[in-house]
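Colleague: Residue numbers (the working numbering), protein chains in the order written: chain A, 197 to 551; chain B, 197 to 551.
Mixed in with the good hints, there may be bad ones.
As the list claims (entries may be wrong) - Here are the simulated lysine to aspartate or glutamate pairs, DMTMM-like style, with alpha carbons at most 20 Å apart: (1) B:K366 to A:E296; (2) A:K366 to B:E367; (3) B:K366 to A:E367; (4) B:K366 to A:E294; (5) A:K366 to B:E296.
Think of the hints as simulated: they come from the structure by calculation, not from any bench.
Protein chains: 2
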Amino acid sequence: MRIGTDDEAADKPLLAALRGQPVWPPPLWLMRQAGRYLPEYRAVRARVPDFIALCTTPELAAEVTLQPIRRYRFDAAILFSDILMLPWALGHGLAFREGEGPVLPPLRTAAEVERLDPERARGAIAPILETVRRVRDGLAAEGFARTALIGFAGAPFTVACYMVEGGGSKEFAATRTMAYTRPDLFAALMARLTDATIAYLTAQVEAGAETVMLFDSWAGVLSPQLFRRHAIAPARRIVAALRASFPRLPVIGFPRLAGTMLGEYAAGTGVDGVGVDTATELGQARRLVGAQVALQGNIDPLALLAGGAALADAADDALAAARAGRFVVNLGHGILPPTPPEHVAALVARVRAAA
Amino acid sequence: MRIGTDDEAADKPLLAALRGQPVWPPPLWLMRQAGRYLPEYRAVRARVPDFIALCTTPELAAEVTLQPIRRYRFDAAILFSDILMLPWALGHGLAFREGEGPVLPPLRTAAEVERLDPERARGAIAPILETVRRVRDGLAAEGFARTALIGFAGAPFTVACYMVEGGGSKEFAATRTMAYTRPDLFAALMARLTDATIAYLTAQVEAGAETVMLFDSWAGVLSPQLFRRHAIAPARRIVAALRASFPRLPVIGFPRLAGTMLGEYAAGTGVDGVGVDTATELGQARRLVGAQVALQGNIDPLALLAGGAALADAADDALAAARAGRFVVNLGHGILPPTPPEHVAALVARVRAAA
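Build out the structure end to end from the sequences listed, making use of the hints.
Modeller: The following block contains the structure:
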C-alpha cells in the first residue's frame, strides 16, 4: 500500500483541494480525458480486439491513462477502465458492441444475484490493479509529481441499472420497477454490489490510487425516496468502509443529475467532493452542499466541443465558482469523441492563466 | 372569449390553488391522463389512421379529453393534443411512426426558419381550437362544474429540440450545438417559435381554456447559461404577453429536470405554478420557488404503474407537500401506457380521502 504522505499530498493540487486547502489555479482534469478524441488513444485502441481487452492489458491501459497527462499535465490521471468491469469481474456477462454500447444478460432472479462471485472478482481484477501500479509508477518516472491518481467504480445503483436492463436505457424503467415491485431482490443485488465495490476500491487504493471517485451516472432517474435508499445509503456504506481502512483518503461522489438531492447526498454519504453535472447551477450546488465539500465540474462537454466564446464563458463560470470555495475544474459529463484536442488545450491554458 | 368569472373559478379547485386560495383536498390531475392506458381511449384511437388525425378531429379529440374526467372526476381536463402540433401548424413536416415517436425534417438553415408560417398556423390550428370549445361545453353539459380546462403548448426550446434533431433524442446534442455555434440562427428559430406560442395559447384561452401550461420537457439538458437564455427568457415573454391579454389567467410552467434552476425559472418567468419532475425533492422545490408559486407534481409514474405500497408512499409524500403550501397533485412525468386504470382509481381515492 502506498498512500501518499501529507507532504506528498501538499504538492498535489487535487488532493489539497479535496482536503480543503487553498489551491490556485484550481486543479483541473476532465472526465474521459483518456479516450477517442485523442489520436494516440485511437492508435492504442486499434491494437486490441475489443474494449475489455484494453481494460485488462495493464501495459496498454496504463499507456492510455498517461497519454492526456503528457499532453495537458492534468492535475489527475484517472485509471482507464469502465464501471462495468466490476460486474464483469463478478462473473456477469459483458460485451461492448461497436456503436451500441454495453450488452449484458438482463438480471431478473435471485439465483443470478447469488451467482455474482466475489472470489472470482478478486482474481479477475488483478490486471486492473496492475494498471493502477503501472500508472502510479509512470507518473513518478515521467516527472508528473503534481498529478494525483484517481481510482474509481460505478456506484451500485448505476451498475445495477445496466445489469437489470441488460445495457443502456433512457430511463432504466425495468430497474426502477424492480426496486418498487421486488424490493427484496433489488436490495440483495444492491448489497452484493456494494460489498464488491468496497473490496474493489480498497484494492485500488492499496495498489496506489490516491483518491477514488464513485460514478452514479443514473442516480438522477430516482425519485427522492429511492435516491435515499439506493444512491445515498450504499455510498455512505462505501465511504465509511474506505475511511475505516484509509482515514485520510479523499472520496469523490458523482450522483449525476441529482439536482435538488445534491445536498442530502453530500451530507448523507460523507464524501469530500461531489461531481456536479452540467445542468446544475454552481451557486445553488454550493448552497446545497455547504462550504466543507469540494465541487467538481461542470463545464458543458458541448461547450468544449464548440470551443470559442462558448468554451470561454463556461470556463469563466467554473473559475468564478473556484474563487468562491473548494473546487476542481472538470466537465459536467465525459468528453465527446469529436472534441478537437486543441479545444482541450485552450481550456487548460485559460484555467492555468486564471488570476 | 369566455374566461371564468371569479365566482366560477372559486368553485374550481385547480384555479383556486393556482391563485393561492386554500383548497383541500388538493386538486388532482395527471399528465397524459387521456391516453393508451384507458381502453376507451384505445377504442377511439382505432377509428383514425394516425395520431395527427386524432388531434385534428374535434369530435374525437374532445371525446378522449373527457374520458378520464368521466372515470375519475379529475380537477382538470387537459386539451388532447401534442406539443408538436404547433410546428406542424407552422408548416414544418411531422409524422408519428408507431413505436418510434415523432419524425420531423431536421431544421438546419435560416431559410427553414423563415418558412415557418404564422399565417398558415392561424388556419391550421382551427380544429384544435374547436376541440377546446367542445371540451369546455362538454364539461358543463356533463356536470363537471369543478373541473378546469387546461390549454397547453410545448415551450420553444423543447419544440426547437425536436425540429433541429428531427425527432426525439437522449441529449439533443445537435440542438445545443446549434445554440453554441450558430447562436443567431438558433435565436431566430426561438423568436419565431415564441411568437407562434403566444398566438397559439392566446387562441386557446379565447376558445375556453381557463389556464395554460407550458411544457419544457427537455429544459434539463441545458447548462444554466443556456437555460436562462432559452428556457427562462422565452417563457417570461410568453407569460407577459398572456398576462397583458388576460390579467387573471393562471399559467403553469414545467421546466422538466430543471433541478437547481427551478427557483430562477419561477422568479424569472412569473408563472403561477411550476411542474415538478419526479427526481426533484418537494421540500427543496418549495424552498427554491418560495411560497407564492404553486408546485404541481411529482409522483413517480413507475410508482403509479407498480401500485400498492410504492404508490401509497408516493401519494403520501405529495399530500405532505400539499399540506405545506400551494400544491396540485400530479405525476412527475406522463402516465405510462401499461398502467392499470385501477391504480389511478386508488391514487384518486387516497388523495380525495386525505385528512
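Colleague: Determine for every hint whether it applies to the structure shown.
Modeller: Hints, one by one, checked against the model:
1. This hinted pair checks out: B:K366 and A:E296 have alpha carbons roughly 14 Å apart, not beyond 20 Å.
2. As the CA atoms of A:K366 and B:E367 are separated by approximately 10 Å, the hinted pair is consistent with the 20 Å bound.
3. In summary, the hint linking B:K366 to A:E367 is supported, as the alpha carbons are separated by about 10 Å, within the 20 Å threshold.
4. Of the supplied pair hints, the one linking B:K366 and A:E294 holds, its CA atoms being roughly 18 Å apart against a limit of 20 Å.
5. In summary, the hint linking A:K366 to B:E296 is supported, as the alpha carbons are separated by about 14 Å, within the 20 Å threshold.
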